[in-house]
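J.: Let the hints inform the model, and build the full structure from the sequences given.
One letter stands for each residue in the lines below.
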Amino acid sequence: MTVLNPLKPSERMKIPRQHSIEQPASDRVQGFTEVSFGVDEERAMIEATRCLECKNAVCVEGCPVGIDIRSFIQLILQKDYAGAVNKIREANYLPAICGRVCPQEEQCEAVCTLGKKHMPVAIGKLERFVADYEMEHNLFTPPVITERRDQKVAIVGSGPAGLTCAAELAKMGYRVTVFEALHAVGGVLRYGIPEFRLPRKILDLETDRIRGLGVEIQTNFLVGRTATIDEFFEEWGFSAVFLGTGAGTPNFMGIPGESLPGVYSANEFLTRVNLMKANKFPNFDTPIRMGSNVAVIGGGNTAMDAVRTAKRLGAERAILVYRRSRQEMPARQEEIHHAEEEGIELMLLTNPTRILGNENHTVTGMECQRMELGEPDESGRRKPVAVKGSEFVIPVQIVIEAVGQQPNPIIQATTPGLKTGKRGVVETNEKQGTSRPGVFAGGDLARGGATVILAMRDGKQAAVAIHEYIQSKVQDEGNKAIVSTGAEVVGT
Amino acid sequence: MFPIISKEILAPTISKFVIHAPLVGKKRKAGNFVIIRVIENGERIPLTIVDSNLAEGTITLIVQAIGKTTKLLCSMNAGDSILDVVGPLGNPTPIENHGSVACVGGGVGTAEMYPITKALKGAGNRVFSIIGGRSRDLVILEEEMRSCSDEVFITTDDGSYGQKGIVTDPLRQLLMNSQSGIKAVYAIGPLPMMKAVSNLTREFGVHTLVSLNAIMVDGTGMCGGCRVTIDGKMKFACVDGPEFDGHQVDFDELILRNKSYLDFERMANEQLLKETASSHEVAP
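Keeping their order, the protein sequence lines are chains A and B.
Take 1 as the starting number for the first sequence in this note's numbering and just add one per residue.
Take 493 as the starting number for the second sequence in this note's numbering and just add one per residue.
There could be a bad hint or two in this list.
Stated by the list, open to error - Pairs of lysine-lysine, DSS-like flavour, derived with a Cα cap of 30 Å:
| hint | chain 1 | residue 1 | chain 2 | residue 2 |
| --- | --- | --- | --- | --- |
| 1 | B | K766 | A | K280 |
| 2 | B | K518 | B | K613 |
| 3 | A | K152 | B | K613 |
| 4 | B | K508 | A | K419 |
| 5 | A | K152 | B | K521 |
For the record, the hints were derived by calculation from the structure and aren't laboratory data.
T.: So this is what it looks like as C-alpha cells:
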C-alpha cells in the first residue's frame, strides 16, 4: 500500500484544525443564505492530513450510523472525493445533510484520538466538503441495485428516519413508498430546519436521489386518516411498515396570555417561514406577524433556529429567554456561537411567567422571573429555582415558544395494539420493532425528541430488521408450501 | 393534482366544487375536513367536506370567496386542478339517535351542516333545521336540507327571505316548545352565531356541538396555530376537534385569534385585485 500521508503522527498533531469559511454575520442576517460555506479543497486536504489513521478507529464507533471515517479520509488524501462520498453513502445516504446538521462534536469528533491532546479532526467539515464537491462537479453515481424484490414496504413520514429507511430498503431491492402528510418532502428537515443551516437545494437534491433509487414518495397523505396501518397490510399489500412520524406536536408553557395573537409555537413560526415562505409575503400567501422585539423561549436547537429566523425577518431585538445557564443549553455550541455573532441576545436564568397584551389584544411584553440554579434534577442538570420578587417585563411584540415537542398522536390513536409509553412515544425493541408484528418505528416518534442523525440510525437499523422480518416470513411461507405439497403427495 | 370535476355557483360569492380525490372520499365521514393549497405560492386552508361519492371517487366542497385563497379557488372551473388536498382531517361528528335534534347552519356554514344533518336523519332523529343568512342570496342548500329534515326554518338578517331575524329566534321557539323535545343542537356558522346559539342552549341545558374554524397551517397537530380554549384547557381544533361542546368553548378568545392576520388578508386581497386587473389589461 502506498503511503498516503508521509507525515509522522507528531507532525500531524502540529497542524492546526481547519476552520470553515463563514459568511459575515452582518451579511447573513439580511437573508436566509447559508451561514457556513464549509472548507475548500485546500483546507480539506490539510484537515485530512491531520487524521492519525488509528488502527482502532474510535471515530467510527462514535458515529451513530457507523460511517467508515478513516477510509473516507484516506480517500480524500488520494483526492478521490467521489470515492470518499460513496464510502460515506455506504453507511448513510444523506451525507450533504449530515455534514451540515450533525452534532459531530458530541459523536465522532468527541472520541477522536487527536482530540485528547489537541483539536479533533473536523470530520463533519470533511463530510460536507466531499458531498458538496460531488454536487458541484456532478460526480454522483447512483448505487447499482443488484436484486429486485417483490415485497412492498410503507414508510410513514419523509423526515430523516423515513428517508434513510427508504433508501436502505430500496438499495436491498424492496418496493418502497414513503407517505408524507405535508405537500413537500423532508419532514423536520423541510419545515423545521431553516435554509441558513440547510439550503433547500441540498434537501431537494438528496430527496431526488432517494427517488432515483426507485422510492415512490406520496405527499398529501396522512397515515391514520387517509389510510390506516391496518389497511396498509390488508388492502394495500404492504409486507412491513416503518413509522417515522417524528415529534411534531408542540408543547406550550401554560402561562397566561398564550392565546394572544402574536404568540407562536416554534413549530408554527418555523413552518410558516420554512415551508410556506411567509417571509416572502405577499408574493407567497402565508402571512406571519413580526415585531421589532421578539422573545423566543427555550434553549435547544429549535429555539436557536427560531430566534435566528426572527432576526432575519427584521427583528431589531431577538432575545432568547432560557431558564437555566448557558452550560445547560441543549443547543449545539456552534449554533449558540453563530447566534451571538448575529446579535441574538441571550437572556439566561430567566423564566417567563406571563405574556402581556393591550386593549387591541396585541402582545406588549413578557413578564419574567430571574432564576438561580439549585440541586441537580433527574436530567442531571441543576434545577432552576425562581428568585422571589425578581419579576421584570421585557417589551416584546412577538413571543415564540420552543419548549419541546411530543409525538403526533394520530398514528397511535388509529393503530390498535401499538404500544406507547410516556407522552405517546412508541415503544420499540433494540431492532426498532414495535408491539405490532411487521410495524417498526424510529426517530423522534420512538425517542421523544433527539437528533437528525439518531433518526437516521433508527431508520437504518429498522431497514435491516424489516429485511430480516420479510425474509423470515418468506421462508416460513416457503416451508408451509413444502409442507402442503408434501401432504398432497401423501394424499395421492 | 386534484382535478375539479364540476363547479356550480350557489350564490354570487359561494361555489360548489366536486373534486377528484378518491382516497379522501373513501375515508371521509360527516364533520371531516381537508386542507387545500390552490397554487404553488399559496397558503394552506381548511375546508369542510360536504359530501363524497365513492363510485366517482369525488368529494364536494362549498366555498365562500372571502380571502385571497378562497377567491382564487372560486375563480377556478371544471377542468382546472387544485395543487394539494390532504384529508380527511379532524374527528368525525359523533352521530347518534337523540330523538329530536336541531341543526343550525349560518351562511356558508349550512354547507358544513348539511352532511351532519343527513347523517343525523339517517340515524333516526327527528330533525329540525334552521338555515340563516344575511340575505336571500346567502341562504344555501335549502332543498338539500329539506330532503333530510322534518321541518326547516329560514331566517335572514334583512328579511329578504324567510323570517326576518337571526337563527336563535326560531331555535328559542323550538327549545321552549316541549312538543319538539330537542335533545341536542348542532350549530355551524360564523363564530358570533355559534356563540349566540351556545348561550341560548345553555339556558335550556341542551347539549350543543359547534365546529370551530380556527386558523390552521398543517392541520395535523403540528403547529398549534388552531389552539382553542375548551373548558379552560388548550386543545388543537385540527386533531382534538374541530367539533367541541359549545358550552365549553371560549368563543371570545377564538374570535380574537381569528383576527390575527386581518391586515395581511387586506394586503393579499389588494394584491389579488391588482393581479386580476393587470391580467385583464393584457387580455384582448
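J.: Next, verify each hint and record whether it holds.
T.: Now for the hints, and whether the structure bears them out:
1. B/K766 / A/K280: holds, 18 Å
2. B/K518 / B/K613: holds, 21 Å
3. A/K152 / B/K613: Violated, at about 42 Å.
4. B/K508 / A/K419: Since the Cα atoms of B/K508 and A/K419 sit roughly 43 Å apart, the hinted pair is violated (cutoff 30 Å).
5. A/K152 / B/K521: At roughly 29 Å apart (the allowed maximum being 30 Å), B/K521 and A/K152 satisfy the hint.
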